[in-house]
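Q: Please take these sequences and the hints and turn them into a complete structure.
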Amino acid sequence: MDEHNGSAESPQLSQGRHNAIKCGWLRKQGGFVKTWHTRWFVLKGDQLYYFKDEDETKPLGTIFLPGNKVLEHPCNEDSPGKFLFEVIPGI
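Count the sequence shown with this note's numbering and you get residues 1 to 91, in order.
By construction, these hints were calculated from the structure, which means they are not laboratory data. Glycine included, each C-beta is placed from N, C-alpha and C at the ideal position. There could be a bad hint or two in this list.
Below 27 Å or equal to it, Euclidean Cα-Cα: the simulated DSS-like pairs (lysine-lysine) are [claimed, not checked]: (1) Lys34 <-> Lys22; (2) Lys28 <-> Lys58; (3) Lys22 <-> Lys58; (4) Lys69 <-> Lys22; (5) Lys44 <-> Lys28; (6) Lys44 <-> Lys22; (7) Lys69 <-> Lys28; (8) Lys58 <-> Lys69; (9) Lys34 <-> Lys58; (10) Lys52 <-> Lys69.
With beta-carbon atoms standing in for the labels, derived distance ranges [as the list claims (entries may be wrong)]: (11) Asn19 <-> Leu84: 14 to 24 Å; (12) Thr35 <-> Glu77: 27 to 37 Å; (13) Phe32 <-> Glu77: 39 to 49 Å; (14) Pro89 <-> Leu26: 14 to 24 Å.
A: Structure (structure tokens):
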């Protein structure tokens, strides 16, 4: 996956998060220092935006997913409140 740390907010994202497929907390590994950070992620279309927290409006970066398929998975009864999605690489 390509990761982009852009400074400008995407016009698509600035329209609000109401078109998001999924939003929530995930952990990602840092680019230079390989430590793990908890970030607020917003999945919209073929882009996965991440923020320092859910109140931020400007993303720290974007992970582009063109040509990949994003599948939503139903909630698991054993783990309520945990929502899953899967990114399947394009062939």
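Q: So, for every hint listed, does it hold in this structure?
A: Here is what the structure says about each hint:
no. : hint                        : verdict
1   : Lys34 <-> Lys22             : holds (25 Å)
2   : Lys28 <-> Lys58             : holds (18 Å)
3   : Lys22 <-> Lys58             : holds (17 Å)
4   : Lys69 <-> Lys22             : holds (14 Å)
5   : Lys44 <-> Lys28             : holds (18 Å)
6   : Lys44 <-> Lys22             : holds (7 Å)
7   : Lys69 <-> Lys28             : holds (20 Å)
8   : Lys58 <-> Lys69             : holds (25 Å)
9   : Lys34 <-> Lys58             : holds (23 Å)
10  : Lys52 <-> Lys69             : holds (26 Å)
11  : Asn19 <-> Leu84: 14 to 24 Å : holds (20 Å)
12  : Thr35 <-> Glu77: 27 to 37 Å : holds (34 Å)
13  : Phe32 <-> Glu77: 39 to 49 Å : holds (40 Å)
14  : Pro89 <-> Leu26: 14 to 24 Å : holds (18 Å)
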